[in-house]
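**Student:** Taken in sequence, the protein lines are chains A and B.
Adding 119 to a residue's 1-based position in the first sequence gives its number in our numbering.
Adding 4 to a residue's 1-based position in the second sequence gives its number in our numbering.
Do not rely on the hints blindly, as some may be mistaken.
Below, a list of computed lysine-lysine pairs in the BS3-like style, where the Cα atoms sit at most 27 Å apart [stated by the list, open to error]:
no., chain 1, residue 1, chain 2, residue 2
1, A, Lys435, B, Lys54
2, B, Lys54, B, Lys42
3, A, Lys438, B, Lys54
4, A, Lys370, A, Lys159
5, A, Lys377, A, Lys414
6, A, Lys200, A, Lys159
Covered, in the sense of this in silico footprint (three residues per stretch, anywhere, with C-beta under 8 Å from a C-beta of chain A), are these stretches of chain B [unchecked claim]:
no., stretch
7, 24 to 34
8, 60 to 68
It is worth saying that the hints were derived from the structure and are not from the lab.
The beta carbon of each residue, even a glycine, is placed where N, CA and C say it ideally should be.
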Amino acid sequence: MCHYELRCRECGRTWGNQPRSICDECFSPLEVAYDYDALKPSVSRERISQRPPNMWRYSELLPLPQGYEPRLPVGFTPLFKAPHLGKRLSATAPAAGNLYIKNDAVCLPTLSFKDRVVAVALANAREFGFDTVSCSSTGNLANAVAAHAAREGLKAWIFIPSDLEPAKILGTNVFGAKVVRIAGNYDQVNRLCSQIADEHRWGFVNVNLRPYYAEGSKTVGFEIAEQLGWRLPDNIVCPMAGGSLITKIKKAFDELIKLGLVEPKEVKFFGAQATGCSPISTAVKTGSSEIEPQKPSTIARSLAIGNPADGHYAIKTIKGSGGWSEDVSDPEVVDSIRLLAETEGIFTETAGGVTVGCAGKLYRQDRILPDETTVLCVTGNGLKTTDVLAGVYQTERPIAPKLVEFEAYLQQTLELEEVPGVVAATEEVAGIGA
Amino acid sequence: MSITVQIPTALRRHTDGVGSITCAASNLGELFTVLDEKFPELKPHIRDDKGQIRRFLNIYVNEEDIRFLGGQSYAFQEGDEVLLVPSIAGGKG
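Construct the entire structure; sequences and hints are all you get.
**Tutor:** Structure, rendered in structure tokens:
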């Protein structure tokens, strides 16, 4: 017997397992519910830790069809301490000594956390008999669906807003997917896809397969706990677009507690958005429990969802945990991308800049304290959004391949006291002020 | 004046399979009254216990979210096409 099934998040009605995201009774979203009592005897830290280092090590806690054999080693990305960034984010001494980065910029195969959700969605797509999978996407999801579909031998139709970053379009085309550009923003693409899903028997990962897809996000939470030595952090800082990831990390932690894999702990959840598209952080800041949709205008296009349907649940997760939500401007996003790269050697996309920028604000507001164990979720790779750094770095004049030329160049550079980068520049300013 | 209302598949089992209606409602309140009268079985699915429109039901007018047009106060124009769409969050990224 299957140990999971779909259940309405509002009225509680169960729907078995089928490609469906909405409860017909009350129109509310469905999610996967598990029989934890049945699961408990079969999961243990020892058992999980002996498995290969990928997200499938938590397969009991994912909605996977019986006998499903994963074909890609997705997930289990690095979690590491970020002492240099911690020093920079903390407003005063001591430095944020327990700051960690969960680095999904190197999630395989397409370098974003979307590989996790798509892996679970497509495991179910085949089971439900779909030969075509599809999605509306702001880019990373498009890449992931296209790549996983290629690997699984499924056809892929991908719907994107026409203004997406070229690297994200190319990174979808290359897998042989059909890319449909829509002259509209993400919310319009998404609305169209829900209508298409009504008419065509396709597996839309974020429409009719959504409850299964969303469960893949939990693996970020499972991994963070395991990589911290089977304990929960004090704080999570998470970027928010549709608002699903933050709620699923919370679900993951709750499940680990329920199954006795970690000690219970009240983790605070902090959401990060770009100011130009901040419906969730605006609601948190104004004390509202409902989303007022916005028209996105930000360089953080992967977070540019103005009408996040999981927004309501994201607000609940944040408020219920004692957390908060912040947002940062586009220039702050760029500075934060550079700061993370210069301090910790991680090149993240705009969403990661949003997360780092908001984390800095939260430290400065004392909402996150320096000695607390805090994990920043970096969800995507900077090589996909290089356009936002256009013009930041000057193309240097080439010098002749002669030592004397280099020595002259070096001398000139030192004389100019040219200090590239956000870190050095800011330290210099701080030094002058001191 | 008349407007067209498209009903998604998920709700058509409460409308005897009807996927589209034309009516003369002049605002959202009137439109829901028309729907209540025409399809009594539909009512509990699109309104909550207090009679409010359900949180996860999005309403679009000519492809624009009605909340950007003034929501309840928006006055329908001749030929408006109204879509009832379940709220689904999309993929970040």
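**Student:** Under the criterion that the straight-line Cα-Cα distance not exceed 27 Å, is the pair Lys438(A), Lys54(B) satisfied?
**Tutor:** 25 Å, holds
**Student:** Are there three or more residues in the stretch 24 to 34 of chain B whose C-beta lies within less than 8 Å of some C-beta in chain A?
**Tutor:** violated (count 0)
**Student:** Could you grab the alpha-carbon distance between Lys370(A) and Lys159(A) and see if it respects the 27 Å cut-off?
**Tutor:** 16 Å, holds
**Student:** Could you grab the alpha-carbon distance between Lys200(A) and Lys159(A) and see if it respects the 27 Å cut-off?
**Tutor:** 31 Å, violated
**Student:** Are the Cα positions of Lys377(A) and Lys414(A) separated by 27 Å at most?
**Tutor:** At roughly 40 Å apart (the allowed maximum being 27 Å), Lys414(A) and Lys377(A) break the hint.
**Student:** Using C-beta distances, would you say chain A covers the stretch 60 to 68 of chain B, given that this needs three or more residues below 8 Å?
**Tutor:** That given contact holds, which follows from 5 residues of the stretch 60 to 68 of chain B lying within Cβ reach (below 8 Å) of chain A.
**Student:** Has the given pair, Lys435(A) with Lys54(B), been kept, meaning a C-alpha gap of at most 27 Å?
**Tutor:** Satisfied, since the Cα-Cα distance of roughly 21 Å is no more than 27 Å.
**Student:** Quickly compare the C-alpha distance for Lys54(B) and Lys42(B) to 27 Å and report which way the hint goes.
**Tutor:** 20 Å, holds
Hint compliance for this structure: hints 5, 6, 7 are broken, all remaining hints hold.
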